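Chain by chain, the residues run as shown.
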Amino acid sequence: MTLESFFAMGGYAFYVWTSYGITLAVLLWNLFAPIVLRKQLLRQLALKQKRGQR
Amino acid sequence: MSFIPAPISRFFHRTASPPHFYALADKLMPWLTILFLLLLIPGLYGGLVMAPADYQQGDSYRIIYIHVPAAWMSLFIYVLMAVMGGIALVWRMKLAEVMLISSAPIGAGFTFVALVTGSLWGKPMWGTWWVWDARLTSELILLFLYLGVTSLYGAIEDKRSAARAVSILALVGVVNIPIIHYSVEWWNTLHQGPTVSKMDKPSIHVSMLIPLLLMAVAFKLYYAIAVLQSAKLELIKREPSAQWVKSLLENKA
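Read top to bottom, the protein sequences are chains A and B. Mapping to this note's numbering: the first sequence position 6 is 6, numbers consecutive. Mapping to this note's numbering: the second sequence position 74 is 74, numbers consecutive.
Treat the hints with care, since some could be wrong.
Taking lysine-lysine pairs in the DSS-like style, the calculated list, with each CA pair at most 25 angstroms apart, reads [as the list claims (entries may be wrong)]: (1) LYS246/B <-> LYS27/B; (2) LYS94/B <-> LYS39/A; (3) LYS39/A <-> LYS123/B; (4) LYS94/B <-> LYS159/B; (5) LYS237/B <-> LYS39/A; (6) LYS159/B <-> LYS39/A.
Among the chain B residues that face chain A by a calculated CB cut under 8 angstroms, a handful are [said to hold, decoys possible]: (7) LEU38; (8) TRP121; (9) LYS123; (10) GLY127; (11) VAL174; (12) ALA226; (13) GLN243.
Anything over 12 angstroms on all C-beta distances counts as not near chain A; from chain B, calculated [to be verified]: (14) VAL116; (15) ASP158; (16) SER241.
What the hints contain is simulated information worked out from the structure, not anything from laboratory work. Only a predicted model underlies this, so the values are computations on that prediction, with no experimental measurement involved. We treat Cβ as the ideally placed atom computed from N, Cα and C, and that holds for glycine.
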C-alpha cells in the first residue's frame, strides 16, 4: 500500500479522516482541560496562601 | 458496615480518602499511559493499514475502529456512573460522588464521538447524515443525560446536595442503556445489528476484529487516565482549604 492510497481511503478520505480528527480533538480536550484547570487552580491557591502568611 | 471485615473496610476508607486517592492516581498514571499507547498504536495500525477493505463498504468501514469502541464506552461509562450514584446515595462516599461527576464529560465526549462518526459513516453508506430511528435517537438522549448530569451538578451551589441530585439522575437515566443496546433488535432500524457480541459466530473477520478489540480496550484505558485527571481537579475544587491540599502546595513550591 502506498502512502497516497492510505490517505485516499479508497475515495472515503473525507469521511474517514474527519471521523478520526474529531475523535482526536474530543479526546485530547477531555484529557488536557482538567490538567490545565488544575494547574491554574493550584497556582491561585498558592498565591492565596502566600498572601495569608504575610 | 459491620458485615465487612475491619481490615477491608479500613483499606477502602484509606484508599478513598482524598490525599491517598490523589497520590494513587499519580502513581498509576505512567503505567496506564504506557498500556494505553501499547494498545492504541497496534490498534490504529491494524485498523487503518493492516485490515483489508470491506468487500461492500470499501475503506469507509474503517470508521468502525472508533465508532464502535466509542459507542461501547458511552454505555459503559453511564453504567459506571449509575453504580457510583448508588454508592454515593447509600454510603455517602465522597470519592464515588467525585468519580461520578468526573466521568460525565468524558462519557459525553464518547457519546458525541459515536454520534458524529456514525453520521460520517452513515452519509456515504446510507445516503443520509441522520435518521430518527431507535438506535440513533436513544443515543442522542444519552448525550442529553450526560450533559444534564454536568449542568445539574453545576447549578446546585451546595456540592453535597448537588451530588445527591446527580446520583438520582444517573440512576434514573440508566433505563435508557438497555433501550440503546436492544434498539436494533426491538425495532426495525436503519442501523445494522450487532456484529461482535454474537461471540459464537461473530460476523466479522479476525483481521478486522483484533484491531477493533485493541481499540476498545485502549479507549477503556483512555477513560481511566482522563477520569483520574478530572477527579484530581474535582477533589481540589471540593476542599481547597484542606490540609492535604496545603501540603500539596508546599511540596510544589
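Tested hints:
This hinted pair checks out: LYS246/B and LYS27/B have alpha carbons roughly 20 angstroms apart, not beyond 25 angstroms. Between the alpha carbons of LYS94/B and LYS39/A the distance comes to roughly 22 angstroms, so the proposed pair stays at or under 25 angstroms and holds. A C-alpha spacing of about 41 angstroms is found between LYS39/A and LYS123/B, which places the hinted pair above 25 angstroms, so the restraint is violated. The suggested pairing of LYS94/B with LYS159/B holds, with an alpha-carbon distance near 10 angstroms, which does not exceed 25 angstroms.
Taken as a hint, the LYS237/B and LYS39/A pair is honoured in the structure, with Cα atoms around 12 angstroms apart against an allowance of 25 angstroms. With a C-alpha separation of about 22 angstroms, the suggested pairing of LYS159/B with LYS39/A holds against the 25 angstroms cut-off. Taken as an interface hint, LEU38/B does not check out: its beta carbon lies about 17 angstroms from the nearest beta carbon of chain A, beyond 8 angstroms. Among the interface hints, the one on TRP121/B holds; its C-beta lies about 7 angstroms from the nearest C-beta in chain A, closer than the 8 angstroms criterion.
With its C-beta approaching chain A no nearer than about 7 angstroms, LYS123/B sits inside the 8 angstroms limit, and its interface hint holds. A distance limit of 8 angstroms between C-beta atoms decides the matter here; for GLY127/B the minimum to chain A is near 13 angstroms, and the interface restraint is violated. Hint status for VAL174/B relative to chain A: violated, with the closest Cβ pair at about 22 angstroms, above 8 angstroms. A cut of 8 angstroms between beta carbons decides the hint on ALA226/B: the least distance to chain A is about 5 angstroms, and the hint holds.
At a threshold of 8 angstroms, the smallest CB-CB gap from GLN243/B to chain A is about 12 angstroms, leaving the interface hint violated. The claim that VAL116/B lies off the interface is violated: its Cβ sits roughly 5 angstroms from the closest Cβ of chain A, which falls inside the 12 angstroms cut-off. At roughly 20 angstroms, the least C-beta separation between ASP158/B and chain A is larger than 12 angstroms, which holds for a residue marked as non-interface. The claim that SER241/B is not at the interface with chain A is violated, since a C-beta of that chain comes within 12 angstroms of its own (minimum 8 angstroms).
In summary, the numbered hints that this structure violates are 3, 7, 10, 11, 13, 14, 16.
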